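Residue numbers (this note's numbering), protein chains in the order written: chain A, 1 to 281; chain B, 1 to 313.
Derived from the structure by calculation, the hints contain no laboratory data. A portion of the hints provided could be inaccurate.
[Claimed, not checked] Straight-line alpha carbon distances no greater than 30 Å define the calculated DSSO-like cross-link-like pairs of lysine-lysine that follow: (1) A:K250 / B:K211; (2) B:K92 / B:K163; (3) B:K92 / B:K164; (4) B:K164 / B:K149; (5) B:K92 / A:K250; (6) B:K149 / B:K163.
Just so we're clear, the structure is a prediction, and the values are computed from it rather than from any experiment.
Now for the letters of each chain:
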Amino acid sequence: METPCMPALEMSPAVHATVVSDRREPAPGIVIVGVRAPQLAASIRAGQFVMAVPPSGERVSTALGVYEVEGDRVSLMLVVVGPRTRELALLSDGDSLALLGPLGNGFDCDSLGDDVALVAGGVGVAPMLLPARDLVARGARVTLYYGARTARALVDIALFEAVGATVVTATDDGTLGHHGYVTDVLARDGARHSAIAACGPSPMLRSVARVARQLDLRAQLSLEETFACGVGACWGCVVPLDRSSAQAPKFPDAAAGESRDYVHARICKEGPVFWAHELRW
Amino acid sequence: MVDTQPSLATNLGGLLLSAPTLMGSGCYGSGEEYAPFIDLARIGGVVLKSVTRLPRLGNDAPRLVPVASGLLNAIGLQNPGIDSYLANDVAKFADRPCAIVGSVAGFAIEDFGDVTERLAARAEIDAIEINISCPNVAHEGETFACDPKLAERATQAARARTKKPLIVKLSPNVTDIASIARVVEAAGADALAVVNTVRGMSIDVDRQAPKLGNVTGGLSGAAIRPIAVLAVWEVARAVRIPILGQGGIETARDALEFVLAGATAISVGTGNFTDPRAPITIADGIRAYLAARGCASIEEIVGAANPGYLARR
Numbered sequence: 001m002e003t004p005c006m007p008a009l010e011m012s013p014a015v016h017a018t019v020v021s022d023r024r025e026p027a028p029g030i031v032i033v034g035v036r037a038p039q040l041a042a043s044i045r046a047g048q049f050v051m052a053v054p055p056s057g058e059r060v061s062t063a064l065g066v067y068e069v070e071g072d073r074v075s076l077m078l079v080v081v082g083p084r085t086r087e088l089a090l091l092s093d094g095d096s097l098a099l100l101g102p103l104g105n106g107f108d109c110d111s112l113g114d115d116v117a118l119v120a121g122g123v124g125v126a127p128m129l130l131p132a133r134d135l136v137a138r139g140a141r142v143t144l145y146y147g148a149r150t151a152r153a154l155v156d157i158a159l160f161e162a163v164g165a166t167v168v169t170a171t172d173d174g175t176l177g178h179h180g181y182v183t184d185v186l187a188r189d190g191a192r193h194s195a196i197a198a199c200g201p202s203p204m205l206r207s208v209a210r211v212a213r214q215l216d217l218r219a220q221l222s223l224e225e226t227f228a229c230g231v232g233a234c235w236g237c238v239v240p241l242d243r244s245s246a247q248a249p250k251f252p253d254a255a256a257g258e259s260r261d262y263v264h265a266r267i268c269k270e271g272p273v274f275w276a277h278e279l280r281w
Numbered sequence: 001m002v003d004t005q006p007s008l009a010t011n012l013g014g015l016l017l018s019a020p021t022l023m024g025s026g027c028y029g030s031g032e033e034y035a036p037f038i039d040l041a042r043i044g045g046v047v048l049k050s051v052t053r054l055p056r057l058g059n060d061a062p063r064l065v066p067v068a069s070g071l072l073n074a075i076g077l078q079n080p081g082i083d084s085y086l087a088n089d090v091a092k093f094a095d096r097p098c099a100i101v102g103s104v105a106g107f108a109i110e111d112f113g114d115v116t117e118r119l120a121a122r123a124e125i126d127a128i129e130i131n132i133s134c135p136n137v138a139h140e141g142e143t144f145a146c147d148p149k150l151a152e153r154a155t156q157a158a159r160a161r162t163k164k165p166l167i168v169k170l171s172p173n174v175t176d177i178a179s180i181a182r183v184v185e186a187a188g189a190d191a192l193a194v195v196n197t198v199r200g201m202s203i204d205v206d207r208q209a210p211k212l213g214n215v216t217g218g219l220s221g222a223a224i225r226p227i228a229v230l231a232v233w234e235v236a237r238a239v240r241i242p243i244l245g246q247g248g249i250e251t252a253r254d255a256l257e258f259v260l261a262g263a264t265a266i267s268v269g270t271g272n273f274t275d276p277r278a279p280i281t282i283a284d285g286i287r288a289y290l291a292a293r294g295c296a297s298i299e300e301i302v303g304a305a306n307p308g309y310l311a312r313r
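Required output: the full structure, derived from the provided sequences and hints.
What follows is the structure, encoded as structure tokens:
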């Protein structure tokens with residue numbers, strides 16, 4: 001199947017010295033931090049990410065998807081899972097925060113057609129607002145399939161509706177929308193869509209890939225992985241990718257016994273967005 | 001106080017560095033990945049990712065596990081192999097405004113000779129580091145650095161095939177690093193990189209399985225700094241060739257510990273993953289430290305806390 005390449009970087013990334021302008025906690029453990037970052041706001045595109053330098057100077061930096069972009073404000077959504085995210089969650093107005101970005105290759109909204117299913121699990125919803133806005137702006141119909149553990153963890157549904165998306169929800173505990181996985185709803189109702197774009201935990205993305213195959217739809221998946229550098233230097237965040245993918249890094253035929261039909265692509269550099277049918281995971 | 005700024009220039013076994021800060025192999029790509037974030041003219045140089053005779057796809061994911069005060073990694077020497085590397089990659093290093101050190105890894109003694117000769121023959125490469133201490137390959141990666149005889153033969157093999165400065169990267173996973181250092185010095189090394197990562201592992205208690213795809217990995221970051229400082233201290237008392245100190249350096253004061261223990265230059269690896277501006281703040285901090293003590297050059301304080309080192313020079 002011929003698939004276009006994800007859009008390449010248009011602007012060189014940089015270190016952005018930003019100042020926190022606002023902070024809110026829409027659900028326990030989920031924090032949205034807004035910063036003033038005019039250059040980043042002007043250059044970042046749907047599905048790209050930033051690395052947040054830890055204010056303490058300890059521990060490696062943290063990869064975060066960009067949530068909102070308006071004017072010179074950029075916001076980041078994070079879920080507190082460990083010491084690195086806890087530190088970022090404690091930021092408040094006026095604090096400084098260094099961000100590296102924009103990084104990676106984002107969603108290719110132009111090849112998603114005109115009736116797009118966006119699928120998000122948990123804070124995987126963060127990088128979905130920009131493509132929702134972009135897709136609606138070019139006349140596409142957008143449905144956000146949004147799943148989380150419980151109703152309280154489904155944040156900012158009204159914001160997605162405000163940009164013109166229809167929101168379909170699912171919760172593990174049945175407190176809002178479908179009782180079960182969001183991918184169950186996608187499998188049931190998704191046949192009418194032109195393509196899928198998804199972000200969330202790995203098990204959900206694998207499930208999206210399966211559903212996409214069943215529905216004969218193409219899917220762009222934004223993968224989640226532990227990054228060290230975030231800029232393509234350390235090769236720590238790889239995924240096996242079809243050699244014939246336009247995103248596959250050039251690599252010679254491997255040694256005897258190792259020659260395979262895939263190469264290791266860096267999620268931070270060639271990704272984080274890949275076509276589901278090109279992944280060999 | 002001296003009138004002029006103290007000099008950070010140093011000589012690592014014939015490799016002349018404008019600053020004592022090298023970027024550790026495997027952590028910095030070829031430098032171009034970090035060029036958007038810092039001025040590469042302000043670092044001493046980049047030690048390139050290790051290259052092997054044949055292409056290697058590297059280990060299965062996951063390759064990284066963040067742990068307390070450090071990072072476990074098991075990349076597995078992913079690289080395109082020396083043929084492709086010479087044809088497609090090396091020419092791009094010509095315009096780097098800092099030293100470029102090629103890194104060679106191998107699975108047989110002759111790999112160190114053959115790959116070193118071909119890489120060192122290129123004008124873009126200023127020096128060679130042989131990585132005889134990679135802990136993350138299935139067999140024989142680290143064996144060379146843990147066996148004095150193999151360490152000697154790997155060093156001799158590389159030495160025989162290049163006149164460029166030869167750095168040998170030692171493993172901390174040995175009982176007596178000083179004895180290995182002596183053998184490698186006698187075999188013709190110009191400098192020693194001390195140290196590579198410390199072997200480690202982490203287990204997912206929910207899945208009841210190792211977290212890394214490779215099961216075991218190499219630990220880097222602040223967690224290993226005291227181990228690395230001690231290794232530099234011990235090696236500095238055992239040899240006369242210069243030492244490239246590395247292991248968990250994040251700040252100027254961390255770097256100074258290594259210099260005072262006897263390192264002529266230092267390497268930053270995992271520290272770049274916290275903040276890519278670290279090498280510049282480290283260099284600036286060392287300069288301020290020297291100025292405050294009236295030192296004209298970093299060379300004046302190498303080994304200053306290690307009487308055993310000073311007695312040998």
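Here is what the structure says about each hint:
no. : hint            : in the structure
1   : A:K250 / B:K211 : 28 Å, holds
2   : B:K92 / B:K163  : 23 Å, holds
3   : B:K92 / B:K164  : 20 Å, holds
4   : B:K164 / B:K149 : 23 Å, holds
5   : B:K92 / A:K250  : 15 Å, holds
6   : B:K149 / B:K163 : 22 Å, holds
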